[in-house]
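Assemble chain B onto chain A, guided by the hints.
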Amino acid sequence: MKRVKGDEDACSSSSEGPTESCKKVRKLQPSKEKHQEEEEETDVDLCEFGFDWALLPQEILLNIFQFLPLLDRAYASQVCRGWNQAFHMPELWRCFEFELNQPASSYLKATHPDLIKQIIKRHSNHLQYVSFKVDSSTESAEAACDILSQLVNCSLKTLGLISTARPSFMELPKSHFISALTVVFVNSKSLSSLKIDDTPVDDPSLKVLVANNSDTLRMLKMSSCPHVSPAGILCVADQCHGLRELALNYHLLSDELLLALSSEKHVHLEHLRIDVVSENPGQHFHTIRKSSWDAMLRHSPKFNLVMYFFLYEDEFGPFFREEVPITHLYFGRSVSKDVLGRVGLHCPRLVELVVCANGLRPLDEELIRIAKRCTQLSAIGLGECEVSCSAFVEFVKMCGRRLSQLSIMEEVLIPDHKYNLDEIHWEVSKHLGRVWFPDMMPTW
Amino acid sequence: MVGNTIHWFRKGLRLHDNPSLKESIRGADTLRCVYILDPWFAGSSNVGISRWRFLLQCLEDLDASLRKLNSRLFVIRGQPTDVFPRLFQEWQTSQLSYEYDSEPFGKERDAAIQKLASEAGVEVTVKVSHTLYDLDKIIELNGGQSPLTYKRFQALISHMDAVESPAETITAEVMRKCATPISDDHDDMFAVPSLEELGFETEGLATAVWPGGETEALTRLERHLERKAWVANFERPRMNANSLLASPTGLSPYLRFGCLSCRLFYFKLTDLYRKVKKNSSPPLSLYGQLLWREFFYTTATNNPRFDKMEGNPVCVQIPWDRNPEALAKWAEGRTGFPWIDAIMTQLRQEGWIHHLARHAVACFLTRGDLWISWEEGMKVFEELLLDADWSVNAGSWMWLSCSSFFQQFFHCYCPVGFGRRTDPNGDYIRRYLPILKAFPAKYIFDPWNAPESVQKAAKCVIGMHYPKPMVHHTEASRLNIQRMTQIYQQLSCYRGLGEHRAQPAETTANSLKIRLESLEESKQTPITNLIGNNIMCFFYSGRGHAAVKRSSEDLTPGGSNKAQRQTSN
Numbered sequence: 001m002k003r004v005k006g007d008e009d010a011c012s013s014s015s016e017g018p019t020e021s022c023k024k025v026r027k028l029q030p031s032k033e034k035h036q037e038e039e040e041e042t043d044v045d046l047c048e049f050g051f052d053w054a055l056l057p058q059e060i061l062l063n064i065f066q067f068l069p070l071l072d073r074a075y076a077s078q079v080c081r082g083w084n085q086a087f088h089m090p091e092l093w094r095c096f097e098f099e100l101n102q103p104a105s106s107y108l109k110a111t112h113p114d115l116i117k118q119i120i121k122r123h124s125n126h127l128q129y130v131s132f133k134v135d136s137s138t139e140s141a142e143a144a145c146d147i148l149s150q151l152v153n154c155s156l157k158t159l160g161l162i163s164t165a166r167p168s169f170m171e172l173p174k175s176h177f178i179s180a181l182t183v184v185f186v187n188s189k190s191l192s193s194l195k196i197d198d199t200p201v202d203d204p205s206l207k208v209l210v211a212n213n214s215d216t217l218r219m220l221k222m223s224s225c226p227h228v229s230p231a232g233i234l235c236v237a238d239q240c241h242g243l244r245e246l247a248l249n250y251h252l253l254s255d256e257l258l259l260a261l262s263s264e265k266h267v268h269l270e271h272l273r274i275d276v277v278s279e280n281p282g283q284h285f286h287t288i289r290k291s292s293w294d295a296m297l298r299h300s301p302k303f304n305l306v307m308y309f310f311l312y313e314d315e316f317g318p319f320f321r322e323e324v325p326i327t328h329l330y331f332g333r334s335v336s337k338d339v340l341g342r343v344g345l346h347c348p349r350l351v352e353l354v355v356c357a358n359g360l361r362p363l364d365e366e367l368i369r370i371a372k373r374c375t376q377l378s379a380i381g382l383g384e385c386e387v388s389c390s391a392f393v394e395f396v397k398m399c400g401r402r403l404s405q406l407s408i409m410e411e412v413l414i415p416d417h418k419y420n421l422d423e424i425h426w427e428v429s430k431h432l433g434r435v436w437f438p439d440m441m442p443t444w
Numbered sequence: 001m002v003g004n005t006i007h008w009f010r011k012g013l014r015l016h017d018n019p020s021l022k023e024s025i026r027g028a029d030t031l032r033c034v035y036i037l038d039p040w041f042a043g044s045s046n047v048g049i050s051r052w053r054f055l056l057q058c059l060e061d062l063d064a065s066l067r068k069l070n071s072r073l074f075v076i077r078g079q080p081t082d083v084f085p086r087l088f089q090e091w092q093t094s095q096l097s098y099e100y101d102s103e104p105f106g107k108e109r110d111a112a113i114q115k116l117a118s119e120a121g122v123e124v125t126v127k128v129s130h131t132l133y134d135l136d137k138i139i140e141l142n143g144g145q146s147p148l149t150y151k152r153f154q155a156l157i158s159h160m161d162a163v164e165s166p167a168e169t170i171t172a173e174v175m176r177k178c179a180t181p182i183s184d185d186h187d188d189m190f191a192v193p194s195l196e197e198l199g200f201e202t203e204g205l206a207t208a209v210w211p212g213g214e215t216e217a218l219t220r221l222e223r224h225l226e227r228k229a230w231v232a233n234f235e236r237p238r239m240n241a242n243s244l245l246a247s248p249t250g251l252s253p254y255l256r257f258g259c260l261s262c263r264l265f266y267f268k269l270t271d272l273y274r275k276v277k278k279n280s281s282p283p284l285s286l287y288g289q290l291l292w293r294e295f296f297y298t299t300a301t302n303n304p305r306f307d308k309m310e311g312n313p314v315c316v317q318i319p320w321d322r323n324p325e326a327l328a329k330w331a332e333g334r335t336g337f338p339w340i341d342a343i344m345t346q347l348r349q350e351g352w353i354h355h356l357a358r359h360a361v362a363c364f365l366t367r368g369d370l371w372i373s374w375e376e377g378m379k380v381f382e383e384l385l386l387d388a389d390w391s392v393n394a395g396s397w398m399w400l401s402c403s404s405f406f407q408q409f410f411h412c413y414c415p416v417g418f419g420r421r422t423d424p425n426g427d428y429i430r431r432y433l434p435i436l437k438a439f440p441a442k443y444i445f446d447p448w449n450a451p452e453s454v455q456k457a458a459k460c461v462i463g464m465h466y467p468k469p470m471v472h473h474t475e476a477s478r479l480n481i482q483r484m485t486q487i488y489q490q491l492s493c494y495r496g497l498g499e500h501r502a503q504p505a506e507t508t509a510n511s512l513k514i515r516l517e518s519l520e521e522s523k524q525t526p527i528t529n530l531i532g533n534n535i536m537c538f539f540y541s542g543r544g545h546a547a548v549k550r551s552s553e554d555l556t557p558g559g560s561n562k563a564q565r566q567t568s569n
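Each protein sequence line maps, in turn, to chains A and B. Using UniProt numbering, the first residue of the first sequence is number 1, and each one after it goes up by one. Using UniProt numbering, the first residue of the second sequence is number 1, and each one after it goes up by one.
Where hints are given, some of them may not hold.
Computed list of lysine-lysine pairs in PhoX-like fashion (alpha-carbon distance at most 20 Å, straight line) [unchecked claim]:
| # | chain 1 | residue 1 | chain 2 | residue 2 |
| --- | --- | --- | --- | --- |
| 1 | B | Lys115 | B | Lys127 |
| 2 | B | Lys228 | B | Lys308 |
| 3 | B | Lys277 | A | Lys418 |
| 4 | A | Lys430 | A | Lys418 |
| 5 | A | Lys207 | A | Lys174 |
| 6 | B | Lys11 | B | Lys151 |
| 7 | A | Lys109 | B | Lys115 |
| 8 | A | Lys430 | B | Lys151 |
| 9 | B | Lys151 | B | Lys228 |
These stretches of chain B come out as covered by chain A in the derived footprint (C-beta under 8 Å, 3 or more residues) [what the hints assert, rightly or not]:
| # | region |
| --- | --- |
| 10 | 199-206 |
| 11 | 283-290 |
| 12 | 311-322 |
| 13 | 382-396 |
| 14 | 457-464 |
I should point out that these hints are in silico values taken from the structure, not numbers from a laboratory. C-beta: ideal position from N, C-alpha, C; glycine also.
So here's chain A without its partners, still in its complex pose (with noise of 0.2 Å):
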């Protein structure tokens, strides 16, 4: 085939995507010689494109590659060699996120199986930040745990597992998960995030893991892990000093746990969350000492203590006693107009504040009082609670601008002889200093 300088065919492809193009330069080269096909190439190329995409350098090609979804990734990866070679090189296969779903169980796309096993064979030791996102079947979280046995080669910063939906790593029997993980900790030595709320770890799979991470580990989140103990979740607190944000159950939490975070060799912590969550009603709650909040204000004055509540009105006897360095605030459940006030009392350095109910009393002493010491407020929620648009108005006046976040229902302002609701708006939104509808929901 005669291939001529500025030959139609490559030419006039400029309307198709470079791949096509590239395919018809290989197409008309068979029968020639390799010297005269790469002059030729150029030819062609230079009077079209003025490269070749062939020889683009790997660098460029992975700065591009790092912004095209994974899909069309591997689209690209098809088209040659050089493409190929760039799709597998390490630095594209720090991260990754399993997505284990069964049709059955979930409506989203499972990440491909040959695809999990292209990544463990070619790549399990470039994998640095990994998670595992699972649906509520147990097929999915024993295929999370088949798939963390085998990263033996890997040495993980980040490891992730997630449920989506129902809990469904709790449904494994626990010796399986737990061997399963142990591999990981073993392996990583320089795990510095972890998250496995709601799995059967227990404390033995966490004396491992300290064994192993304790220098590097900073961020650990086990919510709802029922398997373990005050003592165990105390070993890492005691020997992981890097510990920078932690997340577990309040039946956790103890005076000897915050001492321990508080301790000189321990870094300044930076975050703290707290699961209140009751079984079963009228359920006791232990109390922690004032003197142990003290300690950890003392030792980290900037950290953020965020308390998820999810008690049932009688149950929060014990809280709220004493001053509490809580930051974050979220009540789940109806709360009563008694533990508002506490709130108010006792929890200087507020910051947000969500009540998702509380009844059909008036909040304003409440709120107007939260107002006055929660000097620190930026954010507030409610929701199903009352309050006068009066008390309302005088709550915005006095939080004035800091408050960025103001989410409240429609429902929760009542009208009253100084403001009804058209006009509420307007009011909260001068003290503001910005725009401001209270949250609604549809009337149909």
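Below, chain B without anything else, positioned relative to chain A:
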């Protein structure tokens, strides 16, 4: 040339404020009003008996009203694309009229019919009268995009021209010389079918709580306005136990089927307000119900995938659980939570529930307790709820499941507490779940907590006569608030990417992209955005919506998205 006109009723089942029909009559010699009954429709399990009954009653009412004008309704079975060419031929049609349907599926169907009409030389007359405004004008005002927040929508509305007045009712004067050729066998060929003829079992069917038809709609409108005037209070009514029951002044099903013109309602409300309040400008909140309906129509009109999660640019992709068993319990009122079950029972029996009741069951199904997809709930409502049309139903479900519209997700309705606060005595429960009748108010919302003696005395043992609660609410809501927080934290990472994407890519790609983006920003701890804590824990600041371009949306200004990206102060 004889002008033979066909008016095609779809919604808009009324003779008042029917501008397309009125226009159609002008200059026409004959008029035939048709309703096309799609035969596949009746068999579809997605439309329950209550909805069918309502529709048939509407058609009967139309037929009766047309009879007074020496006309009749022609009910024809078949699909429009098959039926119309035949009718055009048989009736020598010169004009076809219908009310504009803004829903994507409706627009597609109408485009096909318009093509058939032009091929047959039939002129088509279409007028807007199912919505207050021409929705395309609202969208135009918003730069070509449907508004995504209700606040934005309200702002746009306040800049629109006044709502057009309702058209004159079709009377004998309006009809004038226009006649309807009625054959002797009209009733055999074109009568409104009965429920039995459509294949429904009607034995034991209670009388309709919501009777269909324009006549009923107009009567209710008068009652509705009377009550408002008497109360002289246009404020949002306080919710109490009575609000849960079907009201003789309720109008939503009639608006949906078009038995009542939304514009007529709008103008009557406005007139009444001005009269009572001696005030010239009523607030937008006066039209709450109508505007919500309008809002959802507007957001849906250009989005054929509005009723789906996948491939829907305004819907957050949430990993809902697939659980047919749990879904069935919810749909059939067997959850073990009396508040939820009573609501679903009322829905099934009567076809209408109060909007707060809808919030309660929708929250329970989706982000509150069962973590099941809103699409499933939407389908159940489509079957049972009289006023659920495509746009409003899908939109509301997305809203209530926090899948769209930048809705804050922190608030979850408790299936015990919410009911108890609304109806402390529990009469609503006793009415719809007679098995629990004898429970004292203290335990009727959570009967599983009642001591055995109380259960025995009430002749209803939980687990035997009435199911145990299907979930542990505390545990479920704890899990679910975690899930939602996770999802919205990830969404926040789309900041910057969001503006340029037309459609969210597949999930794996998304997360990878987030990670790689984070990699660019901070080599130190790239994964923290994916699984780490952010300072703004509970609030979605609305800036990270994946797909939709929002140039000037009036969103709740977030604290600082910067704060969301940092992991420490």
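How the hints compare with the structure:
Using a Cα cut-off of 20 Å, the hinted pair B:Lys115 and B:Lys127 holds, with the two alpha carbons roughly 17 Å apart. Only pairs whose Cα atoms come within 20 Å are accepted, and B:Lys228 paired with B:Lys308 is rejected, the gap being roughly 38 Å. Restraint check for B:Lys277 and A:Lys418: the C-alpha separation of about 18 Å stays at or below 20 Å, so the hint holds. Distance restraint check for A:Lys430 and A:Lys418: the Cα-Cα separation of roughly 16 Å lies within the 20 Å cut-off, and the hinted pair is therefore satisfied.
Under the criterion of a C-alpha separation no larger than 20 Å, the hint pairing A:Lys207 with A:Lys174 is consistent with the structure, at around 16 Å. About 28 Å separates the Cα atoms of B:Lys11 and B:Lys151, which puts this hinted pair outside 20 Å; it is violated. The straight-line distance between the Cα atoms of A:Lys109 and B:Lys115 is roughly 39 Å, outside the 20 Å bound, and the hint therefore fails. Only pairs whose Cα atoms come within 20 Å are accepted, and A:Lys430 paired with B:Lys151 is accepted, the gap being roughly 17 Å.
Of the supplied pair hints, the one linking B:Lys151 and B:Lys228 is violated, its CA atoms being roughly 26 Å apart against a limit of 20 Å. For a cut-off of 8 Å, the count of residues in the region 199-206 of chain B with a CB near a CB of chain A stands at 0, and the three-residue condition is violated. Counting residues of the region 283-290 of chain B whose C-beta lies closer than 8 Å to any C-beta of chain A gives 4; at least three are required, and the coverage claim holds. Restraint check on the region 311-322 of chain B versus chain A: 5 residues with Cβ-Cβ distances below 8 Å, three needed, restraint holds.
As drawn, the region 382-396 of chain B meets chain A at 4 residues by the rule of a beta-carbon pair under 8 Å; at three or more, the given contact holds. Here the region 457-464 of chain B counts 0 residues with a CB under 8 Å from a CB of chain A, which misses the bar of 3, and the coverage is violated.
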